[in-house]
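Undergrad: Spelled out from the first residue to the last, the chains are:
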Amino acid sequence: MSGDVCIVGIGIHPFGRTDGTSGLDQGVFAVRQALADAGLAWPDVQFAYGGSDAAGNPDTMVERLGLTGVQFINVRNGCAAGGSALFSAQMAIKSGEFEIGMAVGFDKHPRGAFNALPAEYNLPEWYGEAGYMITTQFFANKITRYMHEYGISQTTLARVANKAFRNAIHAPHAWRREEVDIQTILDAPLVSDPYTKYMFCSPAEGGVALILASEKKARELGKPLIRLKAATMRTRPPGSFEVFAPSIDIGGGKATATQIASADAFRMAGIGPQDIALAQLQDTECGAEVMHMAENGFCADGDQEAWLAQGRTEIGGALPVNTDGGCLACGEPIGASGLRQVYENVVQLRGHGGGRQVPGNPKTAYSHVYGAPGVSAVTILER
Amino acid sequence: MVFPCPTGDRFDPVPLSRTGTLWSFTIQRYRPKSPPYTGPAAFHPWAMGYVELPGEVIVEARITNVEFGAIHIGMPLELTLIPLDPDAAEPVLIHAFQPLGQPIGASA
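So the protein sequences, as listed, match chains A and B. Its first residue numbered 55, the first sequence is counted upward by one per residue in this note's numbering. Its first residue numbered 43, the second sequence is counted upward by one per residue in this note's numbering.
Be a bit skeptical, because a hint or two may be false.
Claimed, not checked - Just a few of them, taken from the derived set where beta-carbon distance is under 7 Å, the chain A residues facing chain B: (1) ALA184; (2) SER301; (3) ARG366.
Said to hold, decoys possible - Simulated crosslink set (DSBU-like; lysine-lysine; CA at most 35 Å straight-line): (4) B:LYS75 with A:LYS251; (5) A:LYS251 with A:LYS148; (6) A:LYS417 with A:LYS277; (7) A:LYS283 with A:LYS270; (8) A:LYS148 with A:LYS308; (9) A:LYS277 with B:LYS75.
Source of the hints: derived by calculation from the structure; they are not laboratory data. The C-beta atom is built at its ideal place from N, Cα and C for all residues, glycine as well.
Can you build the whole structure from these sequences, using the hints too?
TA: Spelled out as structure tokens, the structure:
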């Protein structure tokens with residue numbers, strides 16, 4: 055195939071909690087919106103990759119969308135499911151075999167979801183019995199070490215949450231859309247030190263669909279060309295520190311799947327971090343956004359303290375981060391979360407961000423997800 | 043070197059150091075879900091973290107016999123055993139680390 059793979063249609067079902075609507079139906083809602091946005095009908099879609107962690111098999115949505123015989127592949131890849139679906143869809147068009155396809159993701163998690171059992175992670179039973187089978191513990195340990203090594207304060211963590219809720223006010227698809235001031239965030243009950251309850255995202259619901267097309271097809275559709283310059287998905291390197299780790303290598307905890315996926319994406323796109331106008335970085339907790347700023351190459355370890363204090367990641371800053379409030383404000387429906395980031399990037403590149411629009415006519419946008427047990431997916435879009 | 047020693051013949055069991063330094067930590071402020079947690083129904087927050095055993099490996103463990111506010115990265119620690127449920131008739135013991143030089147039998 056010559057030219058780039060382009061995103062020609064986007065759709066989203068609002069994140070948060072929608073009682074009475076299944077995860078699958080939220081996915082279908084997003085697909086219909088994306089098709090309308092692209093000016094296409096379901097029979098035009100030649101293939102689909104779908105991600106859902108806990109809301110059923112995505113391919114069953116053909117019953118709602120139409121039995122066109124379309125090939126529909128289900129993707130399960132933890133928090134990177136959406137990124138993996140997009141990566142796969144991109145490759146299918148790049149191969150030259152297809153011209154129009156779809157990446158879709160949806161999920162519906164109950165409150166306090168994400169029940170993990172030791173056997174699923176090849177761990178002994180005592181590990182769960184003793185109380186270690188808890189993601190928040192891992193996140194807290196990871197950021198405590200990072201804060202110690204690089205001089206990051208708890209106030210910086212609070213600034214991340216404060217920014218997320220402020221940005222979300224202007225994002226109709228976001229869940230938590232009321233500002234929470236920094237002091238309230240800091241004074242809230244601790245969940246797992248140093249994180250208070252506002253510093254973690256919650257399991258949620260939502261659906262996102264993206265229609266992809268070859269550049270030739272995108273031109274025929276007459277849509278603004280939003281080019282997918284890179285989509286990478288990578289697994290962890292040796293010595294990384296991941297969730298549910300009874301031990302870590304000495305000197306470990308520095309190398310991450312994100313670093314590899316990011317470097318790969320920049321290489322493919324032929325640009326560097328300094329060329330990116332805005333970024334959506336995995337922020338399942340405040341420290342994740344902080345650490346991912348460095349892991350994705352946007353700043354050095356420790357610079358985040360000054361970056362946040364100076365507002366450099368605000369909508370009007372040098373590198374706006376999580377312009378729709380990210381996971382902190384949208385919640386995390388696992389299958390849909392990574393695609394939400396790309397949705398938001400397309401909105402921004404089209405200039406349709408409204409009150410959250412990044413000024414200056416942005417031309418490049420970056421997205422990054424990270425999940426257990428050490429998977430990461432990155433995309434770079436260019437207009 | 044990994045902990046715990048996996049089953050099978052890829053790894054040989056070796057005794058690990060009983061002392062180390064704190065690598066990172068947090069306080070578990072809410073009761074973990076059961077299953078899999080088998081601690082007492084009445085919950086009191088507890089500290090846990092990762093302890094670097096010099097030249098060996100960094101292991102996850104409870105941190106005990108120390109005020110939460112006194113816990114800090116780099117503090118010297120030694121291995122001990124604590125009951126998962128102190129009120130149980132025959133409590134299950136789990137591994138934990140306490141400040142080095144703690145008198146034997148000191149309570150949290």
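Undergrad: Decide, hint by hint, whether the structure agrees.
TA: Results of checking the hints against the structure:
| no. | hint | in the structure |
| --- | --- | --- |
| 1 | ALA184 | 5 Å, holds |
| 2 | SER301 | 4 Å, holds |
| 3 | ARG366 | 27 Å, violated |
| 4 | B:LYS75 with A:LYS251 | 17 Å, holds |
| 5 | A:LYS251 with A:LYS148 | 43 Å, violated |
| 6 | A:LYS417 with A:LYS277 | 16 Å, holds |
| 7 | A:LYS283 with A:LYS270 | 15 Å, holds |
| 8 | A:LYS148 with A:LYS308 | 33 Å, holds |
| 9 | A:LYS277 with B:LYS75 | 49 Å, violated |
The structure is inconsistent with the numbered hints 3, 5, 9, although it conforms to all the rest.
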